[in-house]
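Based on the hints, put chains B and C in the right spot on chain A.
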Amino acid sequence: MIALFTDFGLNGPYTGQMKAVLHQMAPGVPVVDLFADAPAGDPKRSAYLLAAYAPWFPEGTVFLCIVDPGVGSARPAVFVEADRRWYVGPGNGLFELVRRRAGSASSFEISWRPERLSASFHGRDLFAPVAAMIARGDEPPGRPLGDDADRRPDWPDDFAEIVYVDHFGNAMTGLRASMLPPGARLSASGRMVERARTFSDRAKGEAFWYENSNGLAEIAVNSGRADGDLGLSVGTSVAIAS
Amino acid sequence: MIALFTDFGLNGPYTGQMKAVLHQMAPGVPVVDLFADAPAGDPKRSAYLLAAYAPWFPEGTVFLCIVDPGVGSARPAVFVEADRRWYVGPGNGLFELVRRRAGSASSFEISWRPERLSASFHGRDLFAPVAAMIARGDEPPGRPLGDDADRRPDWPDDFAEIVYVDHFGNAMTGLRASMLPPGARLSASGRMVERARTFSDRAKGEAFWYENSNGLAEIAVNSGRADGDLGLSVGTSVAIAS
Amino acid sequence: MIALFTDFGLNGPYTGQMKAVLHQMAPGVPVVDLFADAPAGDPKRSAYLLAAYAPWFPEGTVFLCIVDPGVGSARPAVFVEADRRWYVGPGNGLFELVRRRAGSASSFEISWRPERLSASFHGRDLFAPVAAMIARGDEPPGRPLGDDADRRPDWPDDFAEIVYVDHFGNAMTGLRASMLPPGARLSASGRMVERARTFSDRAKGEAFWYENSNGLAEIAVNSGRADGDLGLSVGTSVAIAS
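Protein chains in written order, with numbering that gives the first Met the number 0: chain A, 0 to 241; chain B, 0 to 241; chain C, 0 to 241.
Please keep in mind that the hints were generated in silico from the structure rather than gathered at the bench. Predicted model only: the values in this text are computed from it and were never measured. Errors might be hidden in some of the hints.
[As the list claims (entries may be wrong)] Using 20 Å as the maximum straight-line C-alpha spacing, the simulated EDC-like pairs for lysine to aspartate or glutamate come out as follows:
| # | chain 1 | residue 1 | chain 2 | residue 2 |
| --- | --- | --- | --- | --- |
| 1 | B | K43 | B | D157 |
| 2 | C | K203 | C | D228 |
| 3 | C | K43 | C | E58 |
| 4 | B | K43 | B | E160 |
| 5 | C | K203 | A | D41 |
| 6 | B | K203 | B | E193 |
| 7 | B | K203 | C | D41 |
| 8 | C | K43 | C | D147 |
| 9 | A | K203 | B | D41 |
Here chain A stands alone, though its shape is the one from the complex (with noise of 0.2 Å):
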């Protein structure tokens, strides 16, 4: 399976033509749309938000990740081994939180260029190929990436900002569930707000976090919008009290 993990939009003409690529190069391997709508433009949030969703898909699969405002200029162009599972796109800190978390991981550097390389969409004519080869069982077209170039050893294992805010105003931060005290509470725009396990177990219209489906704290508000009730976007900060 091929996962895609891009700022693209799906209604545009970018994951459209990544997947035409896919299609060709790689006959009869399932591409799933993961996430469309990642941070844009923002590989530290994106980073977060990846190794969170990555780990529930099966060995094997190929995530092919494009968060790339660096797009025509020095970042290296990578794929990443973490798990038995494939990471590729631009070394940008995109796969930082992916390799820090994995049992075992290796960065290596794509050598493979294809004939005609636009300054602008690496997703369709550099990054999809090379998750095509990867998935349909070619020799991965890399050289061990020596310079850890595509690292990001400051950015903290957890993250204590909104990451992510889902299509019903659910917030998503950078923070794992099981890293946090078992009573925690957390404070975003000046709101405090309690621990529950899921929205039925709240009145209606009361915000609360809990360990949303793929671990990660998650500010809500049942039947209501957390993000327009409490003020959350992506980039608020995110405090954790006891």
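Coordinates of chains B and C only, in the frame set by chain A:
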């Protein structure tokens, strides 16, 4: 074929994770997004929409339907067989109109449980696997639902409200056009509109209602947006005048 | 491969129903969403967008194209063969630029009719079945279109307007970059912008135009949104200065 009917949105991680389950458990079965923007958290209005769109699909289609504000609460998890199509999802009334309009229909409580069931994402952990099992031809994993917990006998046969606003601003009612008198006019938000055959029968900017391509009475404006121009949104009441 | 080019949106029921037809009638043929947000009800601007994106696809691709404000009126239903690619949709000018730029091209009127043709959704009932027939290798069901009813000879070869705003706020013009003088500047909404190779060649917040990955002149702002920052939307005029 498996058709998705949810309020999850296409962008977020929810639809993608469900599709990952379906591709793994029912490989080769086409998966089609019917609605990803069913009325959010609103099984009643969603039920009229689903009942209008499902019969168009061929026999044997499995509908994976998640509009589930009560996830984690006591509502039953069900599947319904109705006129040789299958419906999998929460037993919160979502299948009431499909059942009521079917020649033959039965409800079953899902008896299968996954190894790990998250509190908030039964679509991925419970309903998608069951949809995949049915689509690949397994014995459907359920027992007859005895207490009619999924039925809503008090809901009307046709619903005089806006139940969906589409990408163009057209406002679908929960009324089947075939149940309305031939010369019926519809009134909503203080405006009365007459029936037309289709858009091109009316002048630009003119409001009308027509039988849409799945049989619902839909209010539209030629070359305009009925939602903005007439003040219509999901939940707006509609009155029928002759 | 079948590529979809529509103004239907991905969320609603329209794209999904067309895909259901395609999967049933041409099983195993990959279906890719190219644009679901082509300029709404606007065949002219859509025509310049389609002509820029279609040639990137491999020969043999079938484009199912629905931007059809006149559905239900007298516009012909057509398919076009142009440079060994196929285009199916309304003959309202949507294929004018594809035809004009092709080495060889012919238009055909669709001679096939479904058992039941809705007044408002020819995409599902007429065009998708014909696209499926062509994609699976049937004899294309048409007769030569004699009267040039689908042509628009008065439209310019390149169109000095914004024809699409993407997910990032970048504003595509209907101008091919290769047709502009090397040092050309573009002026729109009272702002003059110079050419750059790509985003990373400009300072953050700076506006410029560049040749996008499909050859169109596109106005963008590094780390910003050209639509909001410069006041650009579909239909904004663009002037060329040297």
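Each hint, compared with the structure:
1. B:K43 - B:D157: holds, 11 Å
2. C:K203 - C:D228: holds, 13 Å
3. C:K43 - C:E58: violated, 24 Å
4. B:K43 - B:E160: holds, 11 Å
5. C:K203 - A:D41: Distance of about 14 Å is within 20 Å: holds.
6. B:K203 - B:E193: holds, 15 Å
7. B:K203 - C:D41: holds, 14 Å
8. C:K43 - C:D147: holds, 16 Å
9. A:K203 - B:D41: holds, 14 Å
In the structure shown, a violation is registered for the earlier hint numbered 3 alone.
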